[in-house]
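Here the protein sequences come in this chain order: A and B.
Each residue of the first sequence is one higher than the one before, counting from 5 in our numbering.
Each residue of the second sequence is one higher than the one before, counting from 817 in our numbering.
Hint data in this document are derived by calculation from the structure and do not stem from the laboratory.
Be aware that a few hints might be false.
What the hints assert, rightly or not - DMTMM-like, lysine to aspartate or glutamate: derived pairs with alpha carbons at most 25 Å apart: (1) A/100 with B/870; (2) A/74 with A/42; (3) B/865 with A/83; (4) A/100 with B/858; (5) B/876 with A/63; (6) B/865 with A/66; (7) A/100 with B/879; (8) A/15 with B/858; (9) A/100 with B/900.
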Amino acid sequence: DAGITQSPRYKITETGRQVTLMCHQTWSHSYMFWYRQDLGHGLRLIYYSAAADITDKGEVPDGYVVSRSKTENFPLTLESATRSQTSVYFCASSLKAHEQYFGPGTRLTVT
Amino acid sequence: GNSVTQMEGPVTLSEEAFLTINCTYTATGYPSLFWYVQYPGEGLQLLLKATKADDKGSNKGFEATYRKETTSFHLEKGSVQVSDSAVYFCALSSSGNTGKLIFGQGTTLQVKP
Chain A
5 DAGITQSPRY KITETGRQVT LMCHQTWSHS YMFWYRQDLG HGLRLIYYSA
55 AADITDKGEV PDGYVVSRSK TENFPLTLES ATRSQTSVYF CASSLKAHEQ
105 YFGPGTRLTV T
Chain B
817 GNSVTQMEGP VTLSEEAFLT INCTYTATGY PSLFWYVQYP GEGLQLLLKA
867 TKADDKGSNK GFEATYRKET TSFHLEKGSV QVSDSAVYFC ALSSSGNTGK
917 LIFGQGTTLQ VKP
């Protein structure tokens, strides 16, 4: 199926562990984004990418690392997970600037 | 910088009632404006958009008009259904060609039968 997918959908990990959230899109969209959604904070941009090998920080990048070696993939890594990173994470992509299409989300719990 | 302010929720309506969710923005230049909807347990979906002043975006019975004079983009629907229960986000394009969107905090709509 074409579209944007995220994996895993649910993840429980322990404090200090490294965890990678995957995002894959089949549209060859140039732009990709990672957000976190928390009660009381709405959506906050973590990192974004305008093209393969081009990434930039968003509003809340600390504790996260991204890469984009291929246009279709944009993994997000938590280098050493903390409880404050418990959240729902959304990946999005867009062909042209601004009209973004979102994945189904990954619910991450850090214990 | 650019910002979006939405009315606080939750908004609770009876089925077939008229809906308005207010959204105002602050921006330099001429941003595009968007409404996204998030159903329970899902990601955000683009509901409608407007790219210039006086444009009206519409979809699934929802409408919003880009009002530059009042810097507003209020979402309206004439008759809501239980299936419209969701969280609604107003967003605007950030300046420059970064592709980034600036989102409001979201407004929860609950429609009761």
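Evaluation of the provided hints:
At most 25 Å may separate the alpha-carbon atoms for a hinted pair to count; residue 100 of chain A and residue 870 of chain B meet this at roughly 22 Å. For the suggested pair residue 74 of chain A and residue 42 of chain A, the alpha carbons sit about 29 Å apart, so the restraint of at most 25 Å is broken. The straight-line distance between the Cα atoms of residue 865 of chain B and residue 83 of chain A is roughly 37 Å, outside the 25 Å bound, and the hint therefore fails. Distance restraint check for residue 100 of chain A and residue 858 of chain B: the Cα-Cα separation of roughly 23 Å lies within the 25 Å cut-off, and the hinted pair is therefore satisfied.
A C-alpha spacing of about 32 Å is found between residue 876 of chain B and residue 63 of chain A, which places the hinted pair above 25 Å, so the restraint is violated. At roughly 32 Å between alpha-carbon atoms, residue 865 of chain B and residue 66 of chain A are farther apart than 25 Å, so this suggested pair is violated. Annotation: proposed proximity of residue 100 of chain A to residue 879 of chain B holds, straight-line Cα distance about 23 Å (limit 25 Å). A hinted pair counts as satisfied when its Cα atoms are at most 25 Å apart, and residue 15 of chain A with residue 858 of chain B qualifies at roughly 16 Å.
Taken as a hint, the residue 100 of chain A and residue 900 of chain B pair is broken in the structure, with Cα atoms around 28 Å apart against an allowance of 25 Å.
Of the numbered hints given earlier, the model fails hints 2, 3, 5, 6 and 9; all others are met.
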